[in-house]
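Student: Sequence:
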Amino acid sequence: MKTALWWIRRDLRLSDNQALAEALRQAGTVIPVFLLDPKLLASDYVGPARLAFLFDGLRTLDSKLREQGSRLILREGDPLEVLTTLCLESQAEGIFAEEDYSPYARQRDQKIALTLPLHLLPGITVFPAQMLTKANGEPYTVFTPFSRMWRSLPASGRPLPAPERLPVVPELPSLEIPGTPNQPLDHSFKAGEEQAQKRLNDFIDNGIFEYAMLRNRMDLEGTSQLSSYLRLGMLSARQAFWAARQASDSAKTSKEREGVETWLTELIWREFYTSILYYFPFVRGTAFKADLRSIHWRDDPDGLAAWQTGKTGYPVVDAAMRQLNTSGWMHNRARMITASFLTKDLLIDWREGERYFMQRLLDGDPASNNGGWQWTAGTGTDAAPYFRVFNPILQGQKFDPLGNYVRRWVPELEKVPANYIHSPWIMPIETQKQVGCLVGRDYPTPIVDHAMARKRVLLAYGGRPYDV
DNA sequence: TGAAATGTTGGGGCG
DNA sequence: ACGCCCCAACATTTC
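When we follow our numbering, the leftmost residue of the first sequence carries the number 148, and every step to the right adds one.
Hints in this document: simulated from the structure, not taken from any laboratory.
Each hint should be verified, as a subset may be incorrect.
Claimed, not checked - Simulated crosslink set (DMTMM-like; lysine to aspartate or glutamate; CA at most 25 Å straight-line):
1) K458 <-> E561
2) K458 <-> E236
3) K345 <-> E214
4) K458 <-> E559
5) K458 <-> E408
6) K258 <-> E214
Stated by the list, open to error - FRET-style restraints, in silico, Cβ to Cβ:
7) H266 <-> A565: 56 to 64 Å
8) Q257 <-> D438: 52 to 60 Å
9) A565 <-> G304: 43 to 51 Å
Since this is a predicted model, take the numbers as computed values, not measurements.
Beta carbons are placed, not taken as given, at the ideal position from N, Cα and C, and that holds for glycine.
Assemble the whole structure, with the sequences as input and the hints as a guide.
Tutor: See below:
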């Protein structure tokens, strides 16, 4: 064909882009297009942080395109209408896009495919979400067998290089890429696939062998922090996978290999939850486990606000929520702790937390985020048992032993010694004065007693009545 | 990728 | 030397 559209959605990269490669194989002229969908922009699953990251990513992508004579066409409106218009304007005979498995995207794409020549190609995951099923054709609902099957598959094709040159894009109207909001996030993630590759290489060279050992330490940089790049496809899952495979080949000790395998497991969790959302789209609004759909959640706007703003009086929880609010990212261990605190200690509906995370996280992905929340709440597939309640003090002592994570994000507690950092309310009053932090004045008194909350949540999940 | 409650064991103080 | 008790340390069960 003469002309095709490369419809960019969450694949903001030129390298290892199967949709772009196929468009270039089939058409002489390929027009890169991004659509601002008013329905998505207004969704309560979207927030300014990820939008800003998206716009930065589009700007970076556009300048890479321009280096090669191409450019990005940005439009706003209902995708079907805009694509129909664009096909008419450009005489495009095909639309190539990376397949997105979230319920909204699938519905949208199915509708578009009825009237327009839409070609979907894999790329969000290493293996397409619909590919991994049990022998009887049913989807997996337990992680371990899913991961065993995943690992047993013949390795995916190697990542594709970026195309060497791109065809010139004809004159077409395009919107300006929106600027960064007035108060940009103080996040450390710079958009773009070069940044993603840099971070990947750095992690493979300096972090992956220690990953199994350090990944739970909130005070260290033991994780890859690649999730935001994977979210918008500035890095493909396949690129991540192959980099890990190569690291595995160069591993010398079993410990090093364990680091790689543990990291790979996290990549497989991402694919597991993508598959779960694909086969069970109702999990987006409903507990996977039918017997846990009628929990009597507490209505507690003050508690929710304290959790959101990092003022619960539990230092690890507050540090984590402030890290999220100011950086757009949160350590995974901290995600489990804060999710447990909201659902178990405050007994607030996991959907509130799910939505808040989606609004704040740069890496906020409908499948992984939902999977994570339902896991912690105990309502999901292969979830943590409901009686598993994290103790925020013990979690802090285990995974932030010196308290440096807390001190970094909760400056009120900066001078509090390590033995009190995770439970400052037991600090003797003289010490509180010495370190300039009076609990109740400079830092909140805990908004809930953990021991009481634990008993309460066990009653509630058992379907029994509880007070307050 | 939990933590609390409960049970068991064994060393040591002490009459 | 012996039995008793306390309790830390570890193991198992329970939520």
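Student: Check each numbered hint from earlier against the structure, then list the numbers of those it violates in ascending order.
Tutor: 2, 5, 6, 8
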